[in-house]
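Taking the hints into account, I'd like the entire structure generated from these sequences.
Residue numbers (the working numbering), protein chains in the order written: chain A, 1 to 117; chain P, 118 to 342.
Think of the hints as simulated: they come from the structure by calculation, not from any bench.
Some hints could be false.
[Unchecked claim] Computed beta-carbon distance windows for the label pairs:
| # | chain 1 | residue 1 | chain 2 | residue 2 | range |
| --- | --- | --- | --- | --- | --- |
| 1 | P | Val221 | A | Glu67 | 51 to 61 Å |
| 2 | A | Met79 | P | Val174 | 44 to 54 Å |
| 3 | A | Ala55 | P | His210 | 27 to 37 Å |
| 4 | P | His210 | A | Gly116 | 29 to 39 Å |
| 5 | P | Ala246 | A | Ser113 | 14 to 24 Å |
| 6 | A | Ala112 | P | Tyr281 | 19 to 29 Å |
| 7 | P | Phe184 | A | Lys54 | 35 to 45 Å |
| 8 | P | Val240 | A | Asp38 | 52 to 62 Å |
[Unchecked claim] SDA-like cross-link-like pairs, simulated, lysine to any residue; straight-line CA separation at most 20 Å:
| # | chain 1 | residue 1 | chain 2 | residue 2 |
| --- | --- | --- | --- | --- |
| 9 | A | Lys51 | P | Ser315 |
| 10 | A | Lys69 | A | Val103 |
| 11 | A | Lys69 | P | Ala231 |
| 12 | A | Lys54 | A | Val103 |
| 13 | A | Lys98 | P | Thr212 |
Built from N, CA and C at the ideal position, the CB exists for glycine as well.
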Amino acid sequence: MKNTLRAIRSPRIAAAALTAFALATGAAWAETVKVTVDGMVCAFCAGSIEKKMKANKETADVFVSLENKIVAVAEKPGMKLDDALLRKQIADAGYEVKGIERVPQSIAEIRASVRGK
Amino acid sequence: MTAALTAAAGVASGVLTLAPGAAHAGFFIPKDIIMVMGTWTPDERTAEVAYGFTRDVSGSIAFVRRFDDLHGGRNRERTDLVMAQGAHLLLRHRTPGGIGNAYVYGGPLAARFADRGDTRYGVHVGLWADYETRWIYTRASHHAYRYAGRSRNETVLQGMLAPYAADYDDIASWGGVQLKKKSGQSQLEVTPYLRFFSKRWWVDAGVSVNRQNRNDLFINFMHTF
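Here's what the structure looks like:
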């Protein structure tokens with residue numbers, strides 16, 4: 001039992017177990033890049049950010065919230081967006097990234113949580 | 118990019134022909150974004166296409182048809198201007214709930230006087246400062262033109278309020294007032310107007326309340342690609 005617990009605490013084994021569980025149950029493993037953008041108040045400028053994000057080959061979907069100052073980008077299966085690229089693209093649009101996190105939520109879930117506030 | 122600009126210039130020309138025209142892009146145009154604008158008033162119709170080269174530098178070409186009152190408003194002089202413009206973002210200041218910008222812009226122009234049939238060349242230069250949150254928008258700008266021995270100046274102040282803080286997927290509605298002072302015009306133009314704004318387009322519409330010679334309908338249109 002102790003050995004089993006120790007094994008689960010190992011990040012690699014835990015990730016493998018989680019992936020195996022997701023595959024076994026057929027569950028969709030949704031992870032979304034959630035970018036917090038400083039000073040994003042204007043739909044016009046946010047529109048240019050959305051355009052840039054959608055043009056990335058790794059992007060499956062984009063959601064923008066001015067209320068929460070977030071740009072959420074869903075990655076295509078097996079692909080990963082580069083954080084440095086996201087920062088540069090947002091800087092080119094005239095804004096500054098305050099933070100980038102990867103959250104275990106789909107775009108639809110983020111959209112629903114933002115609208116439910 | 119050249120092809121994109123050429124295509125956009127064609128679109129702008131179409132706007133000038135079909136509808137009436139577009140405006141001056143003093144404001145921020147993000148990198149790799151094309152913006153087409155049009156403005157219509159009884160005195161001025163403009164079409165403009167602009168492109169963001171970098172975060173701080175944009176360029177545009179504008180076609181302007183201007184009508185000036187002569188002899189106390191009994192005659193009108195038509196002037197067609199073609200203006201090239203470079204705009205540089207001098208300052209971008211972010212606050213927790215808003216953003217402010219300051220730009221300088223200007224470039225060469227060619228002016229063709231319809232009555233005289235001759236073309237003269239000149240320059241134009243402007244300064245633009247704005248600050249906006251999701252509830253308020255304020256702008257001050259000054260634009261100076263020098264051509265054919267003429268000196269024209271336009272100073273604009275705008276203030277707008279939003280009745281609700283629209284989010285990205287909503288259509289934002291704004292109500293505001295524009296104050297405009299042109300050289301050669303004794304009266305200050307006061308134009309209450311509405312703005313409807315979405316992700317990639319906006320439309321302004323208003324009517325001057327104290328135009329010297331006529332009620333001055335003001336329509337402004339913008340779309341980005």
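For a quick check of understanding: which of the numbered hints are violated here, in increasing order? 1, 2, 5, 8 and 11
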